[in-house]
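Visitor: Using the sequences and the hints, build the whole thing.
Chain by chain, the residues:
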Amino acid sequence: MVSLLSENVSHAYGFFHALKGVSLEINPGDCFALFGPNGAGKTTLMKIFATLLSPTQGQLSILGKDAVRDRDTVRASIFFVGHGSFLYDDLTAIENIEFAIGIRGRLPPLNEIKTVLDRVGIGAYASQKTRTLSAGMQKRLSLAKTILAQPELILFDEPYTALDENGVEMMHQVIRDFLARGAAVILSSHDRAKTAQIANRAGLLHHKTLKEIPLTDLQNALF
Amino acid sequence: MPFFNVIKWIVWKDLLSEIRSRETISSLFFFALNVILIFSFSFSADRDIMPILIPGLIWVAFGFTSIIGLGKSFLAETHHDCLLYLQMAPISKGAIYLGKLSGNLLLMMIVEIILFPMMILFFNLDILAKLPALLLVSFLATTGLSALGTLFSALTVQTRAREVMFPLLLLPLSVPVFIGAVESTAGVLNGQAFSFYRHWVELLFVFDMVVTITSFWVFEFILND
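So the sequences go chain by chain: A and B. Read in my numbering, the first sequence has 76 at position 76, and its numbers run on one by one without any break. Read in my numbering, the second sequence has 138 at position 138, and its numbers run on one by one without any break.
The reader is advised that the hints may include incorrect statements.
Computed from the model, here is a short list of chain B residues facing chain A with C-beta under 7 Å [what the hints assert, rightly or not]:
1) PRO2
2) VAL6
3) TRP9
4) LYS13
5) SER17
6) ARG20
7) SER21
8) HIS80
9) ASP81
10) CYS82
11) TYR85
12) MET88
13) ALA89
14) PRO90
Hints were generated in silico from the structure; no laboratory data involved. For each residue, glycine too, the CB sits at the ideal point set by N, CA and C.
Guide: Okay, structure coming up:
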């Protein structure tokens with residue numbers, strides 16, 4: 001089943017057109033890198049894929065379901081890692097995970113949470129309030145939530161922000177594991193070099209439309 | 001039951017955060033205490049007028065304390081884009097509303113229960129026998145304020161003029177709660193039979209039902225659009 005199918009998706013904020021006729025097909029195991037200059041509409045497109053915005057024109061289906069009509073069903077299978085960490089400052093790392101995953105109806109056992117926290121490199125900080133964690137650690141905690149949510153489509157908006165080299169390598173390993181079990185990943189980033197290490201497809205959002213580009217042209221693409 | 005699960009998680013998260021930070025409860029408590037002290041010293045000279053004023057004084061203290069607390073209700077959700085996470089979660093948005101409402105109600109009731117003994121002390125009230133009826137009125141009125149406040153807190157939290165918009169929306173619509181609460185409290189404190197102030201209690205109950213059900217339904221649109 002196709003993970004994401006966007007057919008002529010457009011979005012307008014009032015009279016301002018942010019996206020025009022975006023078409024894209026993402027299959028299980030795909031890691032699609034989304035590039036574009038500031039203001040190209042990357043965040044708008046990611047929000048549409050995350051079902052936070054509805055297209056003003058066109059059709060979007062995720063895992064075979066209409067992303068507008070069957071929004072709640074679609075949301076159970078996708079996970080969005082955005083600019084914000086989606087963390088509550090006064091809860092510990094474990095409590096934040098329990099809340100974020102528990103509210104989705106699946107509370108993982110404590111040992112599973114600790115194992116995942118160890119895997120993302122913040123096991124030693126599991127019982128610390130997240131307000132005491134650095135931005136990089138908070139990013140790793142977001143990644144731990146993503147692993148435990150077991151989504152089939154993962155959307156990363158600027159995933160490398162605040163991560164050190166080890167963090168980037170760990171994130172790439174997590175993405176590889178997602179892809180190996182048939183999930184699909186969409187990455188929106190400005191970092192071509194890092195993204196090229198993990199993506200198998202790439203697209204350039206320019207003049208409000210999306211054009212797929214070969215990965216070999218990534219470094220030469222003008223934006 | 002996923003629906004009740006969501007309510008449980010929201011209440012758990014809000015209360016745990018509040019227990020750890022004590023940000024809201026301490027400001028509410030000291031605000032209400034100041035109001036009680038000011039009224040106590042202002043009217044202590046005239047013992048005859050006190051019984052007439054006390055229901056109003058109680059609801060000035062409780063009502064405005066509620067408004068301060070409720071205004072902050074959704075503020076924590078805006079830090080780190082947590083509201084976005086709740087929007088994207090495959091859960092009933094009405095359950096989020098009921099969770100936030102329950103958390104707010106619990107917090108307000110805790111503050112009021114702490115403040116009741118102080119009112120007895122400062123206003124020299126003899127209300128121990130009337131406490132169950134007083135708590136019922138307090139619960140109904142606080143539910144009404146929390147139901148409205150939770151809705152408007154969500155509506156205004158992402159607006160630039162949040163501090164202005166929130167009371168502008170909440171205060172006019174909470175007039176029935178204040179009238180019902182003051183009249184019911186006066187009935188209880190004056191030792192009247194329940195039948196004398198029953199219609200005010202019914203007004204509070206109906207208001208709570210209408211606002212909670214309407215807000216529950218509207219919340220889906222507020223969070224999704």
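Visitor: For every hint, state whether the structure bears it out.
Guide: These are the hints, each one checked on the structure:
Restraint check, PRO2(B) versus chain A: the minimum CB separation of about 5 Å is within 7 Å; hint holds. Taken as an interface hint, VAL6(B) checks out: its beta carbon lies about 6 Å from the nearest beta carbon of chain A, inside 7 Å. With a least beta-carbon distance of about 5 Å to chain A, the hint placing TRP9(B) at the interface is held under the 7 Å criterion. About 5 Å separates the beta-carbon of LYS13(B) from the nearest beta-carbon of chain A, less than 7 Å, and the hint is met.
With a cut of 7 Å, the hint placing SER17(B) at the interface with chain A holds, because the nearest CB-to-CB distance is about 4 Å. Checking ARG20(B) against chain A by beta carbon gives a least distance of about 4 Å; that is within 7 Å, so the hint holds. With its C-beta approaching chain A no nearer than about 5 Å, SER21(B) sits inside the 7 Å limit, and its interface hint holds. Hint status for HIS80(B): holds, given a least beta-carbon distance of 5 Å to chain A, under 7 Å.
A cut of 7 Å between beta carbons decides the hint on ASP81(B): the least distance to chain A is about 3 Å, and the hint holds. Annotation: CYS82(B) was flagged as interfacial toward chain A, and the flag holds, the nearest CB pair being 5 Å apart, inside 7 Å. Among the interface hints, the one on TYR85(B) holds; its C-beta lies about 4 Å from the nearest C-beta in chain A, closer than the 7 Å criterion. Hint on MET88(B) holds. Least Cβ distance to chain A is approximately 6 Å, under the 7 Å limit.
Contact between ALA89(B) and chain A, as hinted, is supported at the beta carbon level, the nearest pair being about 6 Å apart and thus within 7 Å. Hint status for PRO90(B): holds, given a least beta-carbon distance of 4 Å to chain A, under 7 Å.
In this structure, every one of the numbered hints holds.
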